[in-house]
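Peer 1: Below, each chain spelled out in residue letters.
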Amino acid sequence: MATTALVDPDTGLTQAQLAARHGLRVAGERPSLVEYSRRLWAYRHFIAAYANAKLVASYSNAKLGQLWQVLTPLTNAAVYYLIFGVVLAQNDNIPNFIAYLTTGLFIFNFTQSAILAGTQSISSNLGLIRALHFPRASLPLSTTITQFQQLLASMVVLVGIVLVTGEPLTWKWLMLLPALLLQAVFNAGVVLFVARLGAKASDLKQVMPFIMRTWMYGSGVLYSVSLFDRLPGWATTLVQYNPLLVYIELARYALLEEAPLLNESLTQLWLVGAGWALVAGIGGFIYFWRGEQEYGRG
Amino acid sequence: MVDHFDAPVEASATMTRTQERIPTVVVDDAHIIYRVHQGAAGGTTPVAALRRLVKRTHAPNVREVHAVKGVSFTAYRGEAIGLIGSNGSGKSTILRAIAGLLPVNRGAIHTQGQPSLLGVNAALLNDLSGERNVTLGCLAMGMHPDDVAKQAAGIIDFSGINERGDFASLPMRTYSSGMAARLRFSIAAAKKHDVLLIDEALATGDKGFRKRSEQRVRELREGAGTVFLVSHQLSSVRDTCERTIWLESGLIRMDGPTDEVIRAYEAYANSK
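Here the protein sequences line up with chains A and B, keeping their order. At position 226 of the first sequence (counting the first as 1) the number is 226 in the numbering used here, and the numbers step up by one without a gap. Count along the second sequence starting at 1, add 1000, and that's the number in the numbering used here.
For reference, chain A alone in the conformation it holds in the complex (with noise of 0.2 Å):
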């Protein structure tokens, strides 16, 4: 090899003198904030198609099909109704108990579910991580993406159950689009949020269910919200600041005539509901971008 010394202009270089002159890059490094954002933007066909390969696949088992999309929202409406509505009885002071307890129950169940898939985002897609590389926020946005859809035909649903309980069809209608989308970036914040936590300790999985029922609670989903006037007023407020609350408010507010709130002012709604998806909307991302070459190690 005496000859190509004279020839080859890398003798001589430590290793990574080497790599230096020649421009590569330290394997498995984290791109900036800016440069994953525009890589992760790159894989939007990517995000789509895999959130809708995960829909479809999630029913492929399923006789039904696709028609569970529909049935499982409303025969979780009938079993709550049925305990909620008629054994206990909450019904008494709330006008069109049904249509109350399922906008609740249904924009409840649009982050719920949310979390609990984002949970499993990274933990359950090792294989694909390990395989190919592409930005990891891919996955827990997709999922994101899977539970709107599952969110749309249970708003078909709901659509059809608010106006057969008598509700009038009104301008109001409107302020629910703007609503949702507010509540599907606020998810995708908590999802990317999840998603890194549950990379690392799967125990989340076991926790997830139970902080879930806690939130729902808190929320005012399955009984009047009047009823949280009955706490002492930090706790009033804390409720009312409860990004949920506010999300099922605002669809009640837009959806139902006579639904009790327990926030008065709309501009309050609306500016709660908007500041809960910006914070977790962005603090979701940059925590996520922080845990990027971690994913998929171990």
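Hints in this document: simulated from the structure, not taken from any laboratory. Worth double-checking, as some hints may not be accurate.
[Unchecked claim] Straight-line alpha carbon distances no greater than 27 Å define the calculated BS3-like cross-link-like pairs of lysine-lysine that follow:
{"id": "1", "chain 1": "A", "residue 1": "K200", "chain 2": "B", "residue 2": "K1055"}
{"id": "2", "chain 1": "B", "residue 1": "K1192", "chain 2": "B", "residue 2": "K1150"}
{"id": "3", "chain 1": "A", "residue 1": "K205", "chain 2": "B", "residue 2": "K1055"}
Bear in mind that the values here come from a model prediction, so they are computed numbers and not experimental data.
Since the structure of chain A is already known, use the hints to place chain B on it.
Peer 2: Showing chain B alone in chain A's frame:
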């Protein structure tokens, strides 16, 4: 330790290319230590787990394995490099580190572009049809939807899964392990990679597919990429790689022309 061999014929062949040798992977004294969860091996009672949580210590059933102990080499554009060695010698570990999936504890690994690791374990969505998995896999590699639509049929043809009836439209869970591995290889090989890392993938599949995939690896190499191949099948290393690195317990035992390294490795394996 690294043995260098002065084979006059090989040396002059590489010399003509020396001027434009561009490194694609530079491994600089890499050490890789990873933690292994041994499963239920004592100290798994709830009380013990709680005590660990309080004291913030690691579970006793986690052991550290020093898998790669200071490996240095440089791979150049246009090379196909075989990695051989007995089980547990660190071949797959170093491959995953080059892919950026495992951190190095000491030293560094520099790469050009993003190396892609192609392993037998790479799972796609088993509930979906082969066709859909092709689309998804291509998009996941960052291909544009238009290119995916153009190449999808070619990928399925290459994998040969349709040789016995229309399997491409069936869910992947109905595939045999060989068919699934072939489809995965075909997807990954559809894109030009700067650095392609293949882990035992060629060992699966029938003779016809192996011929096609060896041909494809050669094409990928000519497309200015570098290919790493981990395999226990010395014949497929011999057929595709002109350079081979022999790893033994986390160290490079030999690095040189495939024929010589394999001869030495076979002598070593037989003497054991």
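Peer 1: None of the hints should be skipped; say for each whether it holds.
Peer 2: Going through the hints against the structure:
With a CA separation close to 19 Å, the supplied pair A/K200 and B/K1055 stays within the 27 Å bound. Distance hint between B/K1192 and B/K1150 is fulfilled; the C-alpha atoms sit about 15 Å from each other, no more than 27 Å. At most 27 Å may separate the alpha-carbon atoms for a hinted pair to count; A/K205 and B/K1055 meet this at roughly 23 Å.
In summary, the structure agrees with every hint in the numbered list given earlier.
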